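Single-letter residue listing:
Number of protein chains: 2
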Amino acid sequence: MQKIYIGLIGLGTVGGSVARILQEHTDLIAKRAGVQICVKMAVVRDVAKYANFGIPVSANIEDVLEDEAISIVVELIGGIEYPFDLAKRVFAKNKALVSANKAMLAHHMRDLMECAKNAPIGFEASVCGGVPVIEVLRDSLVANHIVSFEGILNGTSNYILTQMFEQKMSFERALQEAQRLGYAESDPSLDVNGLDAGHKLVILAQLAYGIAVPMGDVLVEGIEGIVLEDLCFADEWGYRIKLLGIATLSNGTLDLRLHLALIPKDTYLAKIDGVTNALSVRGDCVGEVNLCGLGAGGDATASAVIADLVSIARCRNGAYPLPPFGFFESSDCATIKPKGEIESAYYLRFIVCNRSGVLAKITQILADCNISVNEILQKEKGGEVMIGLITYQTQEQHISKALCALAQLDFMQQAPYKIRIR
Amino acid sequence: MQKIYIGLIGLGTVGGSVARILQEHTDLIAKRAGVQICVKMAVVRDVAKYANFGIPVSANIEDVLEDEAISIVVELIGGIEYPFDLAKRVFAKNKALVSANKAMLAHHMRDLMECAKNAPIGFEASVCGGVPVIEVLRDSLVANHIVSFEGILNGTSNYILTQMFEQKMSFERALQEAQRLGYAESDPSLDVNGLDAGHKLVILAQLAYGIAVPMGDVLVEGIEGIVLEDLCFADEWGYRIKLLGIATLSNGTLDLRLHLALIPKDTYLAKIDGVTNALSVRGDCVGEVNLCGLGAGGDATASAVIADLVSIARCRNGAYPLPPFGFFESSDCATIKPKGEIESAYYLRFIVCNRSGVLAKITQILADCNISVNEILQKEKGGEVMIGLITYQTQEQHISKALCALAQLDFMQQAPYKIRIR
Numbered sequence: 001m002q003k004i005y006i007g008l009i010g011l012g013t014v015g016g017s018v019a020r021i022l023q024e025h026t027d028l029i030a031k032r033a034g035v036q037i038c039v040k041m042a043v044v045r046d047v048a049k050y051a052n053f054g055i056p057v058s059a060n061i062e063d064v065l066e067d068e069a070i071s072i073v074v075e076l077i078g079g080i081e082y083p084f085d086l087a088k089r090v091f092a093k094n095k096a097l098v099s100a101n102k103a104m105l106a107h108h109m110r111d112l113m114e115c116a117k118n119a120p121i122g123f124e125a126s127v128c129g130g131v132p133v134i135e136v137l138r139d140s141l142v143a144n145h146i147v148s149f150e151g152i153l154n155g156t157s158n159y160i161l162t163q164m165f166e167q168k169m170s171f172e173r174a175l176q177e178a179q180r181l182g183y184a185e186s187d188p189s190l191d192v193n194g195l196d197a198g199h200k201l202v203i204l205a206q207l208a209y210g211i212a213v214p215m216g217d218v219l220v221e222g223i224e225g226i227v228l229e230d231l232c233f234a235d236e237w238g239y240r241i242k243l244l245g246i247a248t249l250s251n252g253t254l255d256l257r258l259h260l261a262l263i264p265k266d267t268y269l270a271k272i273d274g275v276t277n278a279l280s281v282r283g284d285c286v287g288e289v290n291l292c293g294l295g296a297g298g299d300a301t302a303s304a305v306i307a308d309l310v311s312i313a314r315c316r317n318g319a320y321p322l323p324p325f326g327f328f329e330s331s332d333c334a335t336i337k338p339k340g341e342i343e344s345a346y347y348l349r350f351i352v353c354n355r356s357g358v359l360a361k362i363t364q365i366l367a368d369c370n371i372s373v374n375e376i377l378q379k380e381k382g383g384e385v386m387i388g389l390i391t392y393q394t395q396e397q398h399i400s401k402a403l404c405a406l407a408q409l410d411f412m413q414q415a416p417y418k419i420r421i422r
Numbered sequence: 001m002q003k004i005y006i007g008l009i010g011l012g013t014v015g016g017s018v019a020r021i022l023q024e025h026t027d028l029i030a031k032r033a034g035v036q037i038c039v040k041m042a043v044v045r046d047v048a049k050y051a052n053f054g055i056p057v058s059a060n061i062e063d064v065l066e067d068e069a070i071s072i073v074v075e076l077i078g079g080i081e082y083p084f085d086l087a088k089r090v091f092a093k094n095k096a097l098v099s100a101n102k103a104m105l106a107h108h109m110r111d112l113m114e115c116a117k118n119a120p121i122g123f124e125a126s127v128c129g130g131v132p133v134i135e136v137l138r139d140s141l142v143a144n145h146i147v148s149f150e151g152i153l154n155g156t157s158n159y160i161l162t163q164m165f166e167q168k169m170s171f172e173r174a175l176q177e178a179q180r181l182g183y184a185e186s187d188p189s190l191d192v193n194g195l196d197a198g199h200k201l202v203i204l205a206q207l208a209y210g211i212a213v214p215m216g217d218v219l220v221e222g223i224e225g226i227v228l229e230d231l232c233f234a235d236e237w238g239y240r241i242k243l244l245g246i247a248t249l250s251n252g253t254l255d256l257r258l259h260l261a262l263i264p265k266d267t268y269l270a271k272i273d274g275v276t277n278a279l280s281v282r283g284d285c286v287g288e289v290n291l292c293g294l295g296a297g298g299d300a301t302a303s304a305v306i307a308d309l310v311s312i313a314r315c316r317n318g319a320y321p322l323p324p325f326g327f328f329e330s331s332d333c334a335t336i337k338p339k340g341e342i343e344s345a346y347y348l349r350f351i352v353c354n355r356s357g358v359l360a361k362i363t364q365i366l367a368d369c370n371i372s373v374n375e376i377l378q379k380e381k382g383g384e385v386m387i388g389l390i391t392y393q394t395q396e397q398h399i400s401k402a403l404c405a406l407a408q409l410d411f412m413q414q415a416p417y418k419i420r421i422r
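Chains as they are written, first to last, in full-length UniProt numbering: chain A, 1 to 422; chain B, 1 to 422.
Derived from the structure by calculation, the hints contain no laboratory data. There's no promise every hint is true.
When chains are identical, the list treats them as one kind, so a pair holds in a single copy or across two.
As the list claims (entries may be wrong) - Below, a list of computed lysine-lysine pairs in the DSSO-like style, where the Cα atoms sit at most 27 Å apart: (1) K361 x K40; (2) K271 x K168; (3) K3 x K117.
From a predicted model like this one, the values you see are computed outputs, not experimental measurements.
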């Protein structure tokens, strides 16, 4: 049986799992792939640490790039510019690239397309770990105009939201819990500020719509600032709160955003709890297709990396048949909706002094900005009152204007907080 | 751009959708596929009926088989032996085959593998319509030993079960409702007797385990005989009842079966309602991956057919890289567990005369067969009493023996009814 040699850049959680699974499942994968996939070399910072790992290691990336026997390079490191430079060097050497690096992919998708030419690129592991969302969008739904998709793309933030609501915990305690269990890094900023999920949203938008979106054009907000009471108010109105990546195509305009959203309790994504990732795609032929599973973890992510390796290895004797980012002829088929024009109903929460006339003043300012109120709940806590309300549909710019004015009020104890309703 | 010509055999609901979508989405599909896919000819029984359909039609299958420009034949007809013969003729002409015919595939998988040799075979549309379960098992989870999978593989029967429970309807009325809405055929036997879902289970088992299972070796039971009260008793104990295809690999033995099952309310498949199909797969690396969506309907099924067409068309210049049924080297890696050795807890339901000593007699016979009872509920209806009970784990053969003895009792108004617990 023919052998395909690969080089691993990085031997951390995912890289270690890839090496181990390729070894433990050699026969199974060979039978399914039609070739044997062997790790020829791994590049690591600290060579001594991996001396007994069972595969050759080197601290020098040239050992992989210059090795002509290695036909696929698997990049499993962090950063943006360094791995992008590495990708260009991989392509220059006529090797294929498999990467799990969503930040690099989101920032350099178009550049990668140009310098890869016909070299295979696999990046299933970059979005939703072991859940095959890339393959589904690129291959399974190829006949469909993608009407919309929505996804829970970050397991850490979904775990925090789930814990807060189910255990009636503060944000801070839920985050500590996530860190203790290894679901969140010691610096959790990329997870909680929405950027990690934002990168994934941009990658999925490229596959669905053939559109390379600059990160700066996408509304990205995280879960910071949410308090337990927001989840409880939402529950009383029949909603759950989730951090969602949302894409909706309408008349050639793509509404693309990543933020917290109130969604009805009985919907598919509302029921996705804990570290699970999920994607709900609506195609014009297929209707709604839903997927969920583990979005992180060494073995689950390695499962996706190996799926890419097998896909590339199976095609060793012909041109690689899969278009790098979903389209062979990539021409943007949509324009991005400007952030200020986003329309939504909103949940607003205010923490105010317990004083008469407060509600009248708030609702007056909202009315002045043409915002109508649909529901109101309030709750006393210490000497303060927490007011939650839901508006009717309005434009982002009206809400921004209203919140600016509301923030100035002397009885306002904290800046007002908003969450969109889906 | 290169063109690939296909021939359609059958222009019914699915065939009509395939032809229409290929026409309406020509540009989109071409950009994604890298080639243009054109219907050159459709073979139909009644040529006159399709005179204005917009594609050339013929009543003679030779017009497709003998046309050298046609490289892919799409078989969308019923039956088993005729389409199998057709498949052999397609391969003999060096054409690729796409089929949505689960009965033919389930019965002739091994023969197809032999006569296809390296010709591409696509059959994504044969299981779960537009939900890409074939691709996920064959490609996305290629690194995984499949520990188990469970699926709701027949939308009609799931619709009937959902309607019965939610609308508190009899089986007969729910079936009529399904027929009225076009979810069930006028002869609904393949849907309600489990055979349709059984075919799909066998196809998935081949992909997951590389094992060609004769239909006769698989336990297949339908939804006939279920009454509303079964669903209500189950609800009181915290269960839903679903028609499940189940595969579990344990120590090289594959437990493969298709039958009604009580599953806990809060599990993924318990919440899949209506005509939706769903699959829950557990891989040893990836953990649990869940998929759901429309399992039937012209456009959803056509979406899967076209995914196969694109996959084959993309590989026009090289050997087709996908193994026909998941494994290039197919050697059975498991043996099927004999039906009598299946172990399960059971729900049993008896309709008996309202007479004292009945319960004592029933429980005595169960005890004689080494079956212990865990829960009991009963309900009066007319002059009869309906008794529902749940046993502890036991073997299929003990239950069969007990039910035979119980059926003889003079107070038994109907044959006892059993459902396994999952």
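Against the structure, the hints come out as follows:
In this assembly of identical chains, the alpha carbons of K361 and K40 never lie at most 27 Å apart, being 69 Å within a copy and 70 Å across copies at closest. In the homo-oligomer, the alpha carbons of K271 and K168 lie at most 27 Å apart both inside one protomer (17 Å) and across protomers (25 Å), since each shortest distance falls under that limit. In this assembly of identical chains, the alpha carbons of K3 and K117 lie at most 27 Å apart whether taken from the same copy (24 Å) or from different copies (22 Å).
Violated hints amount to a single one, hint 1; each of the other numbered hints is respected by the structure.
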